[in-house]
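Trainee: Residues per chain are reported as follows:
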Amino acid sequence: MTTPTVTVEDLRKTFDAAGAGAGRVTALDGLTLVARAGQLTALVGPDGAGKTTLMRIFAGLLRPDSGKICVLGIDVALDPQAVQARIGYMPQRFGLYEDLSVQENLDLYADLHGVPMAERASRFARMLDLTDMARFTGRPAGKLSGGMKQKLGLACTLVRAPDLLLLDEPTVGVDPLSRRDLWAIVQQLVRDEGLSVIVSTAYLDEAERCTQVFVMDRGRLLAEGTPNALKTRAKGLTYTAMPPADLPARDLQARLIDAPRLIVDAVPMAGNVRFIRQPDAEAAGLQDLLAGAPAEPRGEDLEDAFMMLLHQREAVAGPGPIPPDTGLAPDTSLAPATGPAPAGGQAGQPAIVVRDLVRKFGDFTAVASTSFEVARGEIFGLLGPNGAGKTTTFRMLCGLLPATGGTLLVAGHDLRRARAQARGRIGYVAQKFALYGALSVRENLEFFGGAYGLRGKMLRARIGDALERFDLDPAAQSGQLPAGYRQRLAMATGLLHQPEILFLDEPTSGIDPLARRAFWRTITALAHGGVTIVVTTHFMEEAEYCDRIAIQDAGRMLAIGTPREVRAMAGPSGSHDMNSAFIAIVEQGRARRDAKSAA
Amino acid sequence: MPSPITYLSQVLALIRKEMLAILKDPASRALLFAPALIQSLLFGYGATYDLTHVPYAALDQSRSAASTELLARLDGTGVFERVATLDHSGQIAGQIDSGAALLVIVFPGDFAARLAAGREAPLQVILDGRNSSTAGAAAAQISAVVAAFNAKLGNRAPLTIVRRAWFNPNYESRWNLMPALIATLSMLQTLLLAALSVAREREQGTFDQLLVTPLTPLQILIGKALPSILVGLVQSTIIFLIIRFWFQIPMNGSVWLMYLGLISFTTAAVGIGLSISAVALTMQQAMLYTFLVMMPLMLLSGLLTPVRTMPEILQVATYVNPLRFGIDLVRRVYLEGATFADIAFDFVPLLAMAAITLPLAAWLFRHRLN
Numbered sequence: 001m002t003t004p005t006v007t008v009e010d011l012r013k014t015f016d017a018a019g020a021g022a023g024r025v026t027a028l029d030g031l032t033l034v035a036r037a038g039q040l041t042a043l044v045g046p047d048g049a050g051k052t053t054l055m056r057i058f059a060g061l062l063r064p065d066s067g068k069i070c071v072l073g074i075d076v077a078l079d080p081q082a083v084q085a086r087i088g089y090m091p092q093r094f095g096l097y098e099d100l101s102v103q104e105n106l107d108l109y110a111d112l113h114g115v116p117m118a119e120r121a122s123r124f125a126r127m128l129d130l131t132d133m134a135r136f137t138g139r140p141a142g143k144l145s146g147g148m149k150q151k152l153g154l155a156c157t158l159v160r161a162p163d164l165l166l167l168d169e170p171t172v173g174v175d176p177l178s179r180r181d182l183w184a185i186v187q188q189l190v191r192d193e194g195l196s197v198i199v200s201t202a203y204l205d206e207a208e209r210c211t212q213v214f215v216m217d218r219g220r221l222l223a224e225g226t227p228n229a230l231k232t233r234a235k236g237l238t239y240t241a242m243p244p245a246d247l248p249a250r251d252l253q254a255r256l257i258d259a260p261r262l263i264v265d266a267v268p269m270a271g272n273v274r275f276i277r278q279p280d281a282e283a284a285g286l287q288d289l290l291a292g293a294p295a296e297p298r299g300e301d302l303e304d305a306f307m308m309l310l311h312q313r314e315a316v317a318g319p320g321p322i323p324p325d326t327g328l329a330p331d332t333s334l335a336p337a338t339g340p341a342p343a344g345g346q347a348g349q350p351a352i353v354v355r356d357l358v359r360k361f362g363d364f365t366a367v368a369s370t371s372f373e374v375a376r377g378e379i380f381g382l383l384g385p386n387g388a389g390k391t392t393t394f395r396m397l398c399g400l401l402p403a404t405g406g407t408l409l410v411a412g413h414d415l416r417r418a419r420a421q422a423r424g425r426i427g428y429v430a431q432k433f434a435l436y437g438a439l440s441v442r443e444n445l446e447f448f449g450g451a452y453g454l455r456g457k458m459l460r461a462r463i464g465d466a467l468e469r470f471d472l473d474p475a476a477q478s479g480q481l482p483a484g485y486r487q488r489l490a491m492a493t494g495l496l497h498q499p500e501i502l503f504l505d506e507p508t509s510g511i512d513p514l515a516r517r518a519f520w521r522t523i524t525a526l527a528h529g530g531v532t533i534v535v536t537t538h539f540m541e542e543a544e545y546c547d548r549i550a551i552q553d554a555g556r557m558l559a560i561g562t563p564r565e566v567r568a569m570a571g572p573s574g575s576h577d578m579n580s581a582f583i584a585i586v587e588q589g590r591a592r593r594d595a596k597s598a599a
Numbered sequence: 600m601p602s603p604i605t606y607l608s609q610v611l612a613l614i615r616k617e618m619l620a621i622l623k624d625p626a627s628r629a630l631l632f633a634p635a636l637i638q639s640l641l642f643g644y645g646a647t648y649d650l651t652h653v654p655y656a657a658l659d660q661s662r663s664a665a666s667t668e669l670l671a672r673l674d675g676t677g678v679f680e681r682v683a684t685l686d687h688s689g690q691i692a693g694q695i696d697s698g699a700a701l702l703v704i705v706f707p708g709d710f711a712a713r714l715a716a717g718r719e720a721p722l723q724v725i726l727d728g729r730n731s732s733t734a735g736a737a738a739a740q741i742s743a744v745v746a747a748f749n750a751k752l753g754n755r756a757p758l759t760i761v762r763r764a765w766f767n768p769n770y771e772s773r774w775n776l777m778p779a780l781i782a783t784l785s786m787l788q789t790l791l792l793a794a795l796s797v798a799r800e801r802e803q804g805t806f807d808q809l810l811v812t813p814l815t816p817l818q819i820l821i822g823k824a825l826p827s828i829l830v831g832l833v834q835s836t837i838i839f840l841i842i843r844f845w846f847q848i849p850m851n852g853s854v855w856l857m858y859l860g861l862i863s864f865t866t867a868a869v870g871i872g873l874s875i876s877a878v879a880l881t882m883q884q885a886m887l888y889t890f891l892v893m894m895p896l897m898l899l900s901g902l903l904t905p906v907r908t909m910p911e912i913l914q915v916a917t918y919v920n921p922l923r924f925g926i927d928l929v930r931r932v933y934l935e936g937a938t939f940a941d942i943a944f945d946f947v948p949l950l951a952m953a954a955i956t957l958p959l960a961a962w963l964f965r966h967r968l969n
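Chains A and X are the protein sequences, given in the same order.
Residue numbers for the first sequence follow the numbering used here, beginning at 1 and rising by one.
Residue numbers for the second sequence follow the numbering used here, beginning at 600 and rising by one.
These aren't lab readings, by the way, just hints derived from the structure by calculation.
A few of these clues could be false.
[To be verified] Computed beta-carbon distance windows for the label pairs: (1) X:959 with A:404: 21 to 27 Å; (2) A:95 with X:935: 38 to 44 Å; (3) A:404 with X:645: 33 to 39 Å; (4) X:637 with A:417: 47 to 53 Å; (5) A:362 with X:941: 51 to 57 Å; (6) X:959 with A:405: 25 to 31 Å; (7) X:959 with A:597: 42 to 48 Å.
Note that the Cβ used here is the ideal one computed from N, Cα and C, for glycine as well.
One chain only, chain A, in its complex shape (with noise of 0.2 Å):
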């Protein structure tokens, strides 16, 4: 048993909510653990779970209200000097300078850390080495893509050898490539260096690399264990359901998710469904509920267990902040059907023709002559390395950004001349959280209303059935919803006007695993109402709710199919996940672009 490197006891810690009255929020609640040193120790946990507030305290930045907190052996109330001085702190943003170039960021960070010249080259040239970043010194920091920002975050982090790593979600917003790069850097410093690494992550493959995971809950301690331990809560109860071929993968998993008797959890994955039966559910029901599909038992893993778990405490403690399936059960006054026709388009015409779209930024071309077509009511993926043109690309799609050159039908009006038309027909949720913080939900809700031209009788009734059916609050300010319900408002204020194609801009991220799930049931429910649904994400697997998916890399359009087409297209390295699908088109596509540069 080797020694601990953090311990933790009884820890509390209360913030002032912002906005007057608002009272106070905990955001740990008595928390008691112990991570050993020498090891890769993962803190996951949905959102407002305290993961962040408790790398703070490690790291000496936060004061605990009571408990005791030791971090390699020393007491960080006391001296957190010491602390700090020991460890190395990588927070969600890092503080890159990024009119600063890569090696000047480097050096910046050796000299507040005080590391000895003597050492420098050695450890720089090791940073580089790891990080593959040797090409890029010369490189202002600011324009280096987000998955190259982390890595060089993580090098500034690591430019003196700490004797404990503190990971603060570090692959948030980064895609499976540079995700995949970060953790062999992290697992191989663990591995040469036995260095102590706690990482707070959202992704449960991540945490399964660990040796040692908590699961965190509202301040508390939920479960811990290691992986395998973890696992077997699971154990029995973890099918594949194979739908007929005439049923798409997510109808099956939504009339699954909908069963939260029978069913804990239910996701499509590569054409089936993955899914958890509940302990005591009858085998006649989930019979009935298959309707035939047959179901395989399968291998349980760490996300099966990290389900069941939430799901528990769902049940004992009752609805927490971001209730599963609250008011996002299909509903047909979702469908365009039962408002205004939608008139100029026809039930054949695609919603979205994409003819030659160009981009450029100076001499830099962020999307090259690309084409498709996304049909009425179909559910479109934008998958991408971070910088590959997605968001360029999203961004003109919602009359965002004029394209350099091409043609762009949405919803059957020429983006380039009737504008102020076409955007009267999409919906459009941003990334960030992108509604007026200081006004209140329904002053939101009526804001946006009244500028796609509702008003009155009709205005009233929408914002009454989204108040409804998201389950919000009137009166709460929109600025204090916590994340999840911050991500219905939007949601309901991309819809109140019933739009014909909704943009989602990587709506899931830093939203956790049960808020997603919820989020997918709306969007397959929207989808299923006619809606068309043009969304961008990092989690491959949620290409899996996909009627097809476009894989971009470079500005140029590597993939686009359905997720099977798709898988098919990556060959057998990548056949059966999305995440390796995805990493193997783009390691192919990039392959061949050397090569014809080469040649």
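Got chain A sorted already, so can you dock chain X onto it with the hints?
Mentor: Same frame as chain A, but now just chain X:
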């Protein structure tokens, strides 16, 4: 095209949202009234050229009835306050250098004898020229006192000037300065408010959400400009009320005409603010640009120094300064009771500026992307 009612209701929704955003944020709510109130009181009491309690020292080498009487007259004006009575000329420099006295009056030893003999009796006044305008004003006051003293002695000058200052009979600098504040102080606030309005939305990401709605640039412009203009007018009104009823500076012109002028002036100022806002990517940039613009606007406005005394090239530059015409308009309507015909010219540059800056801002909303 949407129906006119829909078009209008869309604009109204935006105006309502803007007003809510201003009123709900405690910081911007405080910005609405407090600065106008505090600044107009500060200017009213603090910023004045009127002389009171001017410290002076006297070196009376004549020690006569005549010199004592003249000093008594100076003290009696209420403008001068004797801080020292000197014994010899070596003390003069110390008084001025230290700033203890703004001026020193020196009566030569033969002052009374010369007067009695009916000869010219020079009186020396040493002034601290480091503060030229105050020194000049003090010298003029002393001349006036001496002239009155001469008259009493029967030394009537062959020519006398009888001064009648129109519109400000007592030469109170407050009367000149304060009406100009109705335009100046409200502009400071509106410019900043307008400059922050789009920049804040860009920074917080809400501007994208606004741009994907079917609102046209013109609608966004109206929705952004009107609330700022309204806030500017409310501020002008606060300052106006303080000047009129607290400082009791009489108004000679039409309130309606003044407001007509203020509307054009505020619109031009909001146009500049929104253009700044549309260019800026962050609130910090918007604030920086605003302060960069603010200083020349103030200096070239005629608020403190008349435009007529500026070098020719700067006088030309004042034509693109809405504040110059705003101040001119308000001053003239307020103090001299100017009619529309008198000030019609002031409207031309103001409306021209609004006609350029507002469409520019509207264009920039969509074209300042990345």
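Trainee: Each hint should be assessed against the structure and marked as holding or not.
Mentor: Hints, one by one, checked against the model:
no.: 1; hint: X:959 with A:404: 21 to 27 Å; in the structure: holds (24 Å)
no.: 2; hint: A:95 with X:935: 38 to 44 Å; in the structure: violated (60 Å)
no.: 3; hint: A:404 with X:645: 33 to 39 Å; in the structure: violated (57 Å)
no.: 4; hint: X:637 with A:417: 47 to 53 Å; in the structure: holds (52 Å)
no.: 5; hint: A:362 with X:941: 51 to 57 Å; in the structure: holds (53 Å)
no.: 6; hint: X:959 with A:405: 25 to 31 Å; in the structure: holds (27 Å)
no.: 7; hint: X:959 with A:597: 42 to 48 Å; in the structure: holds (44 Å)
When the structure is compared with the earlier hints, violations turn up for hints 2, 3 and for no others.
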